[in-house]
Structure formats: C-alpha cells, structure tokens
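**Student:** So the protein lines, in turn, are chains A and B. With the first letter of the first sequence counted as 1, position 83 gets the number 83 in this note's numbering; the numbers rise by one all the way through. With the first letter of the second sequence counted as 1, position 286 gets the number 286 in this note's numbering; the numbers rise by one all the way through.
Heads up, none of these hints are tricks.
Calculated lysine to any residue pairs in the SDA-like style (CA-CA distance at most 20 Å, straight line):
id : chain 1 : residue 1 : chain 2 : residue 2
1  : B       : Lys383    : A       : Ile19
2  : A       : Lys15     : B       : Ser378
3  : B       : Lys383    : A       : Gly32
These are computed hints drawn from the structure, not numbers from a lab.
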Amino acid sequence: MALNYTKKTINHFLKPQNIGEMKKPDGYAQIGNMVCGDQLDFFLKVERGRIKDVKFLSFGCASNIATASIMTERVKGMTIDQAKKYKWQKVVSELGGLPQQKVHCSVMAVEGLQKAIADYESKLVPVYLKSPIKKENKVKVSGKLKNAKTIKISKTAKITKSKKQK
Amino acid sequence: MKVYLDNAATTRLDDRVLAKMKPYFTEKYGNASSIHSLGQEAYIALQDAKERVAKVLGGETESVIFTSSATESNNLIIKGVALANQQKGNKIIISNIEHPCVKESANELARAGFVVELVPVNSEGLVTPEALEKIIDKETILVSIMTVNNEIGTIQDISSLAKIAHKFGAYFHTDAVQAVPYLQLDIKKMGIDLLSLSAHKFYGPKGVGIAYISKGIKVKPLIIGGGQESGMRAGTYNLPGIMGAVVALEISYKERANYLKKTKILKDYFWKQMQKEISGVKLNGSAVKRVPANLNVMFGSIEGEAILMDLSYKGICVSTGSACSATNLRASSVLSAIGLHKNFLNSNIRFSLGRYNTKKEIDYTVKCLKATVKRLRSFSPIK
Numbered sequence: 001m002a003l004n005y006t007k008k009t010i011n012h013f014l015k016p017q018n019i020g021e022m023k024k025p026d027g028y029a030q031i032g033n034m035v036c037g038d039q040l041d042f043f044l045k046v047e048r049g050r051i052k053d054v055k056f057l058s059f060g061c062a063s064n065i066a067t068a069s070i071m072t073e074r075v076k077g078m079t080i081d082q083a084k085k086y087k088w089q090k091v092v093s094e095l096g097g098l099p100q101q102k103v104h105c106s107v108m109a110v111e112g113l114q115k116a117i118a119d120y121e122s123k124l125v126p127v128y129l130k131s132p133i134k135k136e137n138k139v140k141v142s143g144k145l146k147n148a149k150t151i152k153i154s155k156t157a158k159i160t161k162s163k164k165q166k
Numbered sequence: 001m002k003v004y005l006d007n008a009a010t011t012r013l014d015d016r017v018l019a020k021m022k023p024y025f026t027e028k029y030g031n032a033s034s035i036h037s038l039g040q041e042a043y044i045a046l047q048d049a050k051e052r053v054a055k056v057l058g059g060e061t062e063s064v065i066f067t068s069s070a071t072e073s074n075n076l077i078i079k080g081v082a083l084a085n086q087q088k089g090n091k092i093i094i095s096n097i098e099h100p101c102v103k104e105s106a107n108e109l110a111r112a113g114f115v116v117e118l119v120p121v122n123s124e125g126l127v128t129p130e131a132l133e134k135i136i137d138k139e140t141i142l143v144s145i146m147t148v149n150n151e152i153g154t155i156q157d158i159s160s161l162a163k164i165a166h167k168f169g170a171y172f173h174t175d176a177v178q179a180v181p182y183l184q185l186d187i188k189k190m191g192i193d194l195l196s197l198s199a200h201k202f203y204g205p206k207g208v209g210i211a212y213i214s215k216g217i218k219v220k221p222l223i224i225g226g227g228q229e230s231g232m233r234a235g236t237y238n239l240p241g242i243m244g245a246v247v248a249l250e251i252s253y254k255e256r257a258n259y260l261k262k263t264k265i266l267k268d269y270f271w272k273q274m275q276k277e278i279s280g281v282k283l284n285g286s287a288v289k290r291v292p293a294n295l296n297v298m299f300g301s302i303e304g305e306a307i308l309m310d311l312s313y314k315g316i317c318v319s320t321g322s323a324c325s326a327t328n329l330r331a332s333s334v335l336s337a338i339g340l341h342k343n344f345l346n347s348n349i350r351f352s353l354g355r356y357n358t359k360k361e362i363d364y365t366v367k368c369l370k371a372t373v374k375r376l377r378s379f380s381p382i383k
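So that you can see chain B by itself, here it is in the shape it has in the complex (with noise of 0.2 Å):
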C-alpha cells in the first residue's frame, strides 16, 4: 500500500487543475503580451486570473502578481519593499518560526546593514502582540509572520498581530503558503498588506507563486527584464501554471467546509489510534491552534530519519523537519523555537494529511507505525 502524509512539503495536481491547464499548453499557447489575438486571449486569460484569485482572497485585481514560487513571492517582497522604503526607517521584524526563504532574505538584508529582530513564539509556537509589541518601534519598515507554520501547523493571530504593525506605521506581510484552505483569507479584512501563496501546496502545479502586493507600496524588483506585471516581476507569464494555480484555489475554497470536516475526522482518528498504540507519543505544537491536517509527533528514544525510512521502505512518505534529514544536519530551528530539548529534537515526524488520504491508509499506517516504533526501540540507548 502506497500511503502519502506528506502534503504540507507537496501535493498531488488535482486532475480538475491539470485539465483545464491543458488547452494553455497546447492551443492557447500565446504570449500575454503579445497584441495579436492569440496573444490577446492569454492576456484576457491573464487578467481574468488575476481577478478570480483577487475575489477569492478578499483584495484588489491590480495587486495580485504571479511569480515562481513563494519563495521568490517572499524575497520579492521582503527584500524589495525594504529595499524601496528605506526613507521609513531601517529595521525588520520577522518571526523565529518563518520559512528559510523568509529568514534567508532578512539575513540578506541585515548584511547590507538593516536591522533585522526576530519575535519569538511561545511553546505553543505563537507569536503573542505582546512579544511584538516589545521589539516594533517607528523604524520598523516590514513585519513579516507566517499565516500557519509548515512544521508545526500552528495558525498565527493575523489580524491582531498586523494592527500592532500598523500602529507603528510598519506594512505587514504574511507567508500564507500553508493556510490554504484551512483559513478564510480575508486580505482587507485581516489588514494583510503582502501576502505570498504557493500552488503546489494546494493541488495545484509547482513553479507557480503568488504575491499579493497592496497598491500604493513601493516594490524594488527582483527580477527585470521586459516589464511584466506593471514591471514588479519580469518574465513571459506562464498561463498554464497561472491558471491551474487559480483552478486549484477557487476549488480549495469551494471545497474547504467539506474537507476541513474530512480531514478533522481522519485527524483526529490518526492520533487516537496512535496514542493508543504506541506509548510515549507527545504532540507539538499548540493543540488547539493548527490546522487540521498537521500532526508533529515526538516518539522519544529514536531517531526521527530512521523512523521515516522504515516507513519509506513500507510505502508510506513523511517528513521529519529535524535533524540528519540529509543535506542539513542542524536540528529543527522551529521546535528548538518552541522550547523543545535537545534531546527530543531529534526524534519527531510530520505527518501532513490531505485531500486524498482515506482511513484505510490511516490504518495500515498505524499498523506499520507500531512496528517501526517498537523495533527502532528496541535497540536504542536511550530508555
């Protein structure tokens, strides 16, 4: 039995999506910006996009951008509005818990001599206004904090978080990419200035990103060339991933009651049935602030690669964000974030269920879990 829990790293294209992708790869092949008619029905297709992800989001057609990934979404933003409003002041705050690409560009930028502040999370992994409160001042340019953790699953307070921001005259910006469809993305509403979206974590293709860039705030480009995007992100559009990308959020969105109740259930199921199984199971990460599909287990006592690849060797992807997983040898900096010790931090796994996961699957891998656990156990030093 082929078992895949591992959708917060990717999902499976939904075969809606990769349908109504198809005729862009084949018929309507035609550059958007190009002013014959071939090229014309793309930039009708284009525009159209652009208004479908906007309604869905709760924002302006004008401010939505497509690029090639979140994380080219989050250096375009991060970077760029630092770089273009430096009149402000010259410090950023970001949380202790974002993705590489967010820290990787604060760091960037900190280099070229910004002030880049961390706010950190409780072990509950949340930022509190209080902790942002403590470190925003005037100079403050960008507050950037992840919508939902991709480890951890813990879903931030937004709204609050961005009034704070807003207090001090800073933008705030929020890397959403895990929070599709698990919140209602309200981007007026939540006072979200800059928001980053990825498909493929949706059901929708890889190499489309979407940054959600407010009118009126400056933007230095990454990418420049022959003026796309009102010249914020050069490069011909890529209409076949733009669209399966606005396909697969319209259907994330039209489907969310439905799955937010299915992946609950089978949730909710996967760890009791987990508890009761095998002894010593510790959940991380608030419990009560995450999505639906996330559970981070620490198993205590063995390692947590080893586990994943005696389930890979029975059919069944997870993810460890921690340590020893291959190129990176450094534990996980979001649970060392929320207070994890060190001698746990290796020995956690992600399970992220998703649109196709069924409770068969749930069971088998209960099943296979249990074996994996016991054995690994077994022959550990640590008791």
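Just chain A, with the same shape it has in the complex (with noise of 0.2 Å):
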C-alpha cells in the first residue's frame, strides 16, 4: 500500500490550523463517515455575510485532520456564497494531492463545512421579521398560546426565506 502523503498533509496534520472549539457558534455541524468510523465537528463564527472564524475538532486520521485543517484556513474570510462553492477537488489540489484511498476525507471537509453553513442558514430570519418575533420571545413565557403562535410564525420565516433564495 502507498500511504505517501506530501509535506504540506503532513504539515497540516503535525500543526493544524483553526482547530479546537468555540463558543456560541453561528454555524455547526458534525459529520461522520460510516465506513471509517471518522468524524468532523464544525464551528462558524458568521459577521456581514463573511466566515470571520471557523473552527474543528477531529476524530480521524492524518489526512482527515490535514484536509480539514487547510480547507478551514482557505475558507476563512470568504463569504458566505463563495465558501459554499469550496469544492473538494479544492482541497486535494491545495495539499498537492492526497492518497487515493484518503480522498474521501476531503469530500468529508467540505460535507462538513456545507452542513455548517445550512445550519448557520436555517438560523437566519429575515430582517423584516427580525422584530416581531423577539417580541415574541418576550413573551413566551406567559402562556401557551402565545408559544404555539411563537412557533407558527419563525416557521413561516424559514419557508420564506428558503423561497426567496430560489
């Protein structure tokens, strides 16, 4: 078996960029992969539509921690829209190529950063909404009826919104 990983995986793997956890993200995911038993987790940290911090843990291999490790340093900054073109290729490219047998891992990164994203996404409540519903949250507490409308209205903010971006 050929396991010749180049000097910038193991770079990456020995060092890894933006690794560790964050509190209060803006964006989370995990992701896991059934075959190799590895797992990701994802932290976004979202301002003005730009990535302005991203962080990972990791339960995997060398080239998992490499691939999530050089993916994370290139898509902090990018917006929002740029970052969800990252593609995986991406990632192969940017280490100088990858076993493969560990190119899975790449695609694993990116599945993990997407799935990060759609979760910063599903959070998101358009501005015109924004108001209403905090003052709603105010009131939550009172009763459940006020909750159930609560409820009513932040679900109509997710469809609009998933419409508007088709």
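Make one complex out of these two single chains by using the hints.
**Tutor:** Laid out in structure tokens, this is it:
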C-alpha cells in the first residue's frame, strides 16, 4: 500500500490550523463517515455574510485532520456564497494531492463545512421579521397559546427565506 | 531515535542468518534438481534443511515443504486438502479471527460449493472447544484455527481443538505464523496434521514459507510444473531462503528461554508505564493467554491511524490492524470478533516487541506516545 502524504499534508496534520472548539457559534455541524468511523465537528462565526472565524474538532486519521485544517484556512474570510462553492477537489489540489484511498477525507471535510453553513442559514431570520419575533419571544413565558404562535411565525420565516433563495 | 515495534508485521533479518544464506547465492548456487556435483550439493543441503525443520517442530522430514510465504502455505493446505478429500464431505471450518489468506481461501471454496463455517471466539479472543463441537460434524474435511492471533496475540488451545477435529475424522490445520518461538510447536504431540510458518516473522528472510503436511494426507497442488517437493509445489528450490529459514528457526528456539524472559519483562514494563502515563488505555484480548510480545491497546476518543502517523514522524513504527489503515477502510474484523463496540474499533494500536528492542526504546516510546495522545485528544470531538 502506498501512503505517501505530501509535505503539506504532513504539516497540516502535525500543526493543524483552526483546531479547537468555539463558544456560541453561528453555525455548527457534526459529520461522520460510517465506513471508516471518522468524525468532524465544525463551528462557524459569521459577520456581515463573511466567515469571520471557523474551527473544527477531529476524530480521524492524519488526512482527516489535514484536509479540515487546510480547508478552514482557505475559507476563513470568504463570503458565505464563496464558501458554498468551495469544492473537495480544491482541498486535494491545495494539499498537492492525496493518496487515492484518502480522497474521501476531503469530501467529508467539505460536506461538513456545507452542513455548518446550512445550520447557520437555517437560523437566519429575514430582517423584516426580526423585531416581531423578538417581541413574541419576550412574552413566550406567559402562556401556551402565545408559545404556539411563536413557533408558527418562525416556521413561516424559514419558508419565506428559502423561497427567496430560490 | 528509531524504534521498531511492529515485529508481528515483519522482523529484521538476523545477521547470523544472513551469513549462513550468503554462500548459497554466490558459491553453492546449484539447482537442487540438477544431478551434477553443484546441484547435488544443493540437494543435500535441502534435505538437511528439511531434517532440521522437522526436528525443531517434532515432525517428520518428508512432511516439510518449502513455499514462498505463509500465505502460499495456507492457500495450498486449505484449498488443496479440501479439493483432494471431497469423498469425506464438503465442510470446512475456520475461526472468525483468521488471517485474510485463510479467510479468502475458505471463501473461494465456498464459491466452489463447499460449506464453510466460522467458529466464533469469545471476548478474550479464544475459540472454546464447546464452540467448535457445536458446528463440527462428520462431513467436515478440515478445521483450521490459528495458533496465535496476529492482531491481539491470543494463544489457542491447539491440542484440545485438534482432538475434537480428529473425533470427527477431520484434519486439523493451524496457521502458526505468530507462534515462533513463543510456543514449543510439537506437531505430533499436539495432534497437528497441517501447519504453516513464515520465515520473516522470526528473523529469517522474506519470501520463504513452510508448509507441514503430514504423511498420507492428499493435497491438490496449487503450483504445478517441474515436480519439486514431490509434486506438491513446483518451482526451483530457493536454497538461500530455505537455509535462512532453517537457521532462523533454530536460533529462535535455541534462544527461546532468554528471549521469552526478556520480552516479558520489557512488555510488562511498557504496559505499566503506559498505564501510568496515559489515562483510559485498555488491553484488547486475553491478558493471560497471549504472547508476551503483543500489546494491542485501545486509546478511545482518538483514531488509531492518527496515533500511528504521529508516532511515525517521531521515528516509532507501530501498527493498527484497524480502519483507515489505508488500503482497507474497514475496521478490524478481529476486534469486532471479540465484541469491541463499533465506537472503539478505530482507536487501537498494536505494539509488537522483538529481539532487538531495549528499555531505552520503551522509555522513548512512552514519552512520545504520551505527547501524541495528549495532542490528539485535545481536539477530539468525542469526550
């Protein structure tokens, strides 16, 4: 078996960038690979549509750590739209190639990032709905009926948003 | 510092073995099948080699066959015995922790219409006589159970298992690749009919296997041609390799007592230090019925291959039998077989000690391992 990691991959494995947990992230996702058992957790901090900070945790092999490291390094500072277009092929080429049997690691890293972005977006509330919801939240404790109303509004908000995206 | 702790994968060739091999490359290079003087010199050396192997193993000279590897020996014995003894029945039994070359040989037989049954191991990694008795019957041609497991180093009760096979008129084969020199392999006394060995696992050269096939057992050869090895295995005798295998085998057993003592002390020290320095480590497989050279350790919450690679960059060579070890992404079937939960299947390292390891190397390894585990655990999402 050939397991020739490039120098860059080794460096990212030995000194991973953006590793660690993040408190109160704007977007979070956990992704796992059923076949090899690896797991990645991603945390996003977004400001004005840009990835201000990104962090990850890894239960995985050397290339799992290295691919997540280089990807987070690259997407940091990108707009959400730019980050959404970031492909696993880019991870592989940035590392100077990956052994064939390790390419799936780059796919998993990118999928994890996209999942974290989706989580961030799912929490987004269109500007015109922001204040009414806040008001509802404030009175939420007062009764069951109003609680139900809150849920209804936030659901509507999501639907409105996704329609808008399309 | 360079530390080699992967002696179950392969060993460094012993210099004394190399010295004994050399003349057969450049001086005594005759073909043992030639009838001129140079050829006959090689033939005599070959016969002598077989006699010496038989003596170490407590078997007979005519039963010793040299092959290219234990993989070839296992293929020859499992497929060859099954195919040549179909009048007896159509069932083959192997354990569920066998090496892939045994499993795949059995799979090929299953595809050809044989009934292949796997006898399970318990959580200690051991095949119990009761488990074998449950599935064996009069239709069984062959039972194949490895002497020592390559991943967790557990030792099977070969004599008892062979007895059960014989009660049902089946032949008993054991892949004893990892058993030298930990067990005194006494073929006749243990009731072994067929046995496989590999020279590079005991400080001999790579590319030499031994197949012990007791007299009277019919075997369909895998490799046919010039009729070498009484037609059982064609191909020019690899004299330098054969001499290396024999010398390595003899040295292994001659120095057995000292080696076992040294290895046990070193392993116990290693395990004690590891437990002292690193929290949450657990030994996989029986703690008692295992060879002293093997430590298969579960670290939990961090991935085996990451540990392996991190240690590798510090000059330490270890192994993970389990997932993500490159070509095969599947988790270790041996560790699944002993009932390890799937969350822990990818978190194991096999350390296998050998003849040349020192206490200093163990100290260095523990120091590095501690740092490696600390680093990887610091960013694991699994707490």
